[in-house]
Each structure stands twice: as C-alpha cells, then as structure tokens.
Amino acid sequence: MVRIWSDIGHAFRSICRNKLLSAFTLTVAIVSAIFLNVVLQLTDIVYGNNPPFINADRTVSFLSSDFMDKEGRYVEGIKARYIRGFKKKLSLAENLCVSNSESVMILAGDNVIPTQANFVSGQYWNMNAFDFVEGRGFTEDEASDAAKVSVITEGLARRCFGKSSYTGRKIEIQGIEYEIIGVVADYSSFAISGERPDVWLTNANTKFLPSGDPYYTIDIQFREGVPKAEFKQDLYTALKGFYRDRNIDIDLELEDIKTVKESRMAVFGDGGGVFIGLGVIILLLLLIPVVNIVSLNESGIQGRISELAVRRAVGATRFDIVRLIMTENLLVVMTGVIIGLAITHPVVGVVEKLFFGGGGADATILAGPVPMINILFIFIYAILFSTLSTGIPVWLSTRECIASVMKGGGHD
Amino acid sequence: MIRYIVRILWNTRRSHRMIIIEQMLVFIVLSICLVSVFDILRKYSDPGMLDTDNTVLFSMMSLPEYTKYADRVDINKAFYSVFKNACSWEQVEYAAEMSNLVPYLRPPENYWKDSLKIGENKYGAYIKFADPEAQQIFNIKITEGTWLRPLDNGAEPIVISQQLADIIDCHGTPVGLTVYDSFNRSFTVVGVFPGIKESPFTPSDPAIIVPLSSFRSKNGVYRECVFKIKTGTLPKFSTRLYNECRRLIPKFNKINISILEIDYYKSKAMFPVTSRLKLMVLPSIILLLFAFVGSFGLLMLDMCRRTVEFGLHRAVGATRRSIVRTVILQNMILTAISSIPGIVLLPVVSGFTLSCLYALLSTIGTMFFFSFISAAYPAWKVSMIAPADILREE
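Chains A and B, in that order, are what the protein sequence lines are. Count the first sequence with the numbering used here and you get residues 1 to 412, in order. Count the second sequence with the numbering used here and you get residues 1 to 394, in order.
Read the hints as simulated data drawn from the structure, not as lab findings. As the structure is a prediction and not an experimental result, all values here were calculated from the model.
Straight-line C-alpha distance at most 25 angstroms; calculated SDA-like pairs for lysine to any residue:
1. A/K79 / A/Y215
2. B/K278 / A/V39
3. A/K19 / B/C304
Please build the complete structure, drawing on both the sequences and the hints.
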C-alpha cells in the first residue's frame, strides 16, 4: 500500500515535470475515449435490439403500396379495410400495427413548428419500448375511436412549451387539436431507417396528407423464438396469397422481406457503409496519435535513462522501473478516459448542433446512458494502449547495461 | 544545404521513421477526404442552383377522398385569398404562385416530365409553371432573350433551360422557336436560363418554364406559392400566415397546410451527403492537428538532443536565420518524403480527375503549412542558444 502511494506520488511529480507530454497524452486519451464511445454506441444502436425498438429482429415493416407486378408496374396497395383479413393469413404473427408518417406543421401556443408525425395504431406502444418520461401511449380503443390524443418527444415538447410539464397541454396539427397524453425520451436518429418522428397520433386521424399516398406502413411482430427464415416465409406466403386472390402475381422474393433491424443495417451499417466507413477512418486515425505517443514516450524514456540507471544501480528491479513509468502513464490515460466518458454526451450535443442541425428533424446521434460494457471495453483499450505505448519502450530500456549508461553511453 | 540535410536525415533515419509513417497516414486519409469534398463541391456548383435565401413555401394539399368537388373549389378560392392578403404584408418582398417549380420537395424523378416537339424531333423535359415574379424570388438569370413576357401575337411565351437548348437542333439561338407539348399546345421560346437543379447534388435536366396564368387550377388538390420575405421575419410570418389560413380556409381540418423555408427542404435533401462528409472530415481535422502537435513535440526533443551540434554551427559562423532555415527545411523534407506514397496512390485509388488534382494540391499545401508551423518554434528556440554556454558545458 505504501509502495502504491509512493509510486503515485512519484508519478505526479513526473507528470508535473513533463507537462507538455502529459497534456498531449491526456488530450489524446479524452478524444479517443469520446470517439470509441460514440462508435460503440452507434454500433449498438444499429446492430442491437435496444429501446425503443427492442423487437427489431422479429418485426418486419413494409409499405403496403410498395409492390410491383412482374411487368414492373406498381400494384394497388393493401387498403386499410383488408389489413385485418390479411393478418389472419399469418400463422406466426403475434402483433400487427399500422403507421403513416407525414411532414406536418404543429401549432403550439404561438409557435408554428415543422416536424414529422407518425399516425399509429394502439399496438405500436406494445410492440416497442419507448421510455415515457410523462404519461402513456394510447390504447387500441383510443386509436380506433380516432381519439384526439398525442404523444410527443421531450425535445419537441421543449421547443413547443419550454421547460415545464407537458401532459394535458394542447397542440394543433392539420386543423385538429390534440391533447398530449405522453412524452417520450429522445432517441437516436440512427435507431430508425426512415425519418425520425417527433409526434405520434392515432391512425384513424390520418388524412394521408401531404404525401397523398393513402396506404399504411404495416409492422408485423412475429412470435418470439420463431426462426427468421420461417416467419419471413410465412409473410411471403401471405402476401403472395393476398395478391393471388386479386389475380395479381407480385414480383417478390424472400430476400426482399427485411426485418426492421435489417432495414436499419442496410441504411447505416454494412449496406449503407456510413459508419462502418466512419469506424475504419476513426480506427485508422487513432493510430496517428498512438504512434505520436509511442515516439514521444520512447524519446522521453531515453531522456531519463540516467535516472532509471541510477535507480537500477541502487537496487530497483526491472519490474519496479516498469511499474513506476507505467503508473505515470496509466494515471494520465485513465484520467483522460474518465473525462472523455463524462463529456461524451455534451460534446456530441455540440457536434449535433453545429454540424447536423437542419437535416429535417435535427439529428440526435446518441441518446440514453453509456452501457457498462462500453465503459469496460474503453478501459481495457486504455490499459492496452498504455502498455503498448509506454510499457514496451521502458522494458526495452531496462535491458541496457547499467554500467555503460552511467558512464554516459546511452543510445539515440 | 539540402544535400547536407538529406545526409543528416539519412544518418538519423531510425529516429525519424515514426514521423514519416504518421505523416504518410495523415496525407493518405486527408487526401481521400478532400477528394470527396471537392467532388461534392463540384456537383453543388453545377449551374442551376436557385436562390432560396429567405424564401418560404406556402402549400395546400387536399385529397378527393376527404373533400368534395364543391368544397375544393371553395378551398382553392380561400387559399388564393390568403395568398393575395399575405402579398401586402410588410414582411413580404416578392410573392408568386407556381407549380412543379420549387426544387428539393421530392426526388427528381417525381417532378412532372413531358414530351416536347421542337421541329421534327421530340425531347423529354420537366415542365414548370410560374408567375412572372418567380424570377425575382429565385433570382433566375436569363442568358439569352428575356424572361416570360407577353407576346404581341398572343402566343404563349416560355423560357427553356440551357440543357434543353444544348440538345435541340436549332441553328443559332433557340429564341423564337415554337414548341409543342404532348397536348399539342404551342409555345414560343422567349429566353434561356442556366437550369434548375431538383436536388443540390444532381445536375440540371432539360426543363421549360411556362406562365401559370393559363393553367391556374380552380379545384386542384395541391397548390404552391412562394414568398420572398425579409430576413429574420420567418417565425412571425409563419404564425400570421397559419392563423390567416385557419380563419379563411373552410374545411381546414380536411387539408394540410405547409409553411416552410425552402432551405429546410434543401437541408433535408443535402443531409445524407453532408452528414457523411462531416463524419469523415471532422475526425480527420482533429487528428491532423494531433499529428502535427506530436511532430512538434518530437521535433522539440530532437532539437534538445542536437543543441551541441547547433551550438557548434553558431560557433563557426552560422547565423540564427540559417539555423532556423535548416530546421524548417529538414521538417519540410521529411513531409515531402512522407507525401510521396500518397501522391502515387491517390490517383490510382480515385482516378485521374480534377477533384483528385485539387485534393492532392490542397493536401500538399496543408501538410507543408502544418510542417512549417510545427517546426517554427523549435527552430527559433534552437537558434537562440548561446554557443559559448553550450561549448563550456562540453
């Protein structure tokens, strides 16, 4: 214990002596932690089953007017009145909901705000796990009765009403007044492959305006434990059968049917290559400061070789020397990682405002707390980084002959 | 001097290998980012970008399923009244009704296209309708002839895009040509404009603009008007216009009204491209700074080790300026060496294009600039050493 405190005290003195190198290492550790955290969280959002879309890998979503016949002509979509009958053709479906996303204007008090609205049926709230900070979602009965109720995101609520309580307040959309019955926490724009909605209304209130496309998007959630190939086959058979009953042979392959997760991955992940490419660039560019720090540490250790040789001469082992130098470096790197993790969300918030504002609904890159597994991974990275950038150069320097070093025979 | 520096660098090549590898990586990544940047800039600066600063789209959409014919006639009349009222507000500089002209609202293929007969040949072109004030709103330059002006012979005037003018077989100027649409309506070309880009990064396609007056709909399901408003007046204008619509338009809960800056749609259309670019460029810039801060640190350490050498140089007659020049030149030669792989690889990877050339030149310029900056302080520091003090220590 005494030894540990002694090492830490020595490390602080050494850090104060080499302020520039320590500041550079600290900055690199902070930036690396932020970048790693962002990439890990984005990977999790796109590839995982995180809230609000916790069933993304067993839910298939398709626009019911998106089918073509064998001649390449669009066929009539699945009208609202046929959807219940269509569901009966599915033997493996657990839940089904309909939605219609439209760009609308919200009148809230004196503010007129453009946003994206999603007109959904009541099952939408059972199929997904939105984090309600106030109130609740609407029920199936409220949806089918065209109740004038709405759920909005926290971000939109703040833009409309400032900081206050929101449930019970009124907003007007397309000439109809809706009461806010629920407020959900903001979620990442990368969690959804299309436009991210900020307000949800009951589907019976939709007039399919301004898109003019009078067909719903149908989300079908299949039973848990059913293999993906099976439920895709079930849906494929149901769609083919539905159109065959209308004497239409639609041009549809099994591979065209994608789950919500697969659609998201196609836009942001493997297919879209947006942040796989970003991840590669970041990884590649993290090498650069790492290379810098390795060189700077190597040079710094060479500069202290006499000091280390004197320590060896008075009885310190190679392990003691390595432990001493590693403690200095680990202290700086760990401090940087902790600061980086703490400031990730504020920094990402600033980046969102400066660089991603104005993309329709302002983009939210990250939302929610940092998962523990990310923190663990980043700390392991920090230890590895410290070991490679400092441990190896110092171990190699301890293999120098003490006598020749003390005579002034160190090498460049 | 260069030969001397190259010899020094060769003799101490082991200690410089990290700097070279690092600067090589930075060069490659920076140049790849810049190729994308210049490519996108080139597409963005293609002719046909309309001026959409402080322009607001005011549109109305209704569906026959929800509004009867008689209601739509009333809705259209009321919509036009709201538009006419708003034209006289103090926030409004110009106003015009149009159809199919406002860019960025939908994918390019969803704008209305028709087949035009000019002479013996047929051409596909986008058909756009607008009031004459549209020219002032979007600042549409006329490169030949005039904007939409009434003709003495009563013919319907149109202006055509440069892209259409380039493909039609007219000997000399296209002004004065007669054009027939698929409904056999005839028009006379009175002017040529540079083009209209439906999306910021796609090139302009052949298009014509026709006066809206003859085609204004009395019971349309969709109407669009555009206002050019004074800077900073959008929130007040939007709220006032929306409330005016609620007051005057019947069946308000059966229609959709949009009041949005056209730049909002432009940002949306640009978002997929610009967000990718920002996600690439942002880390590249930050880590470029890191790379050169690191080089600065290494150079400082190197200079500290070589104080005796430079002290000797000063003792035998080198000036401070020559020492500074030597150090800076040394760093720039290192940068030049580390740029070589990037200069060779980039044209192979991204092709021999103008964007590639601009990217190479910009990257080389940036690298040399940062090389100079990171060497300047260490060079100055080492030039200030007193030779007598250094030699006395030895």
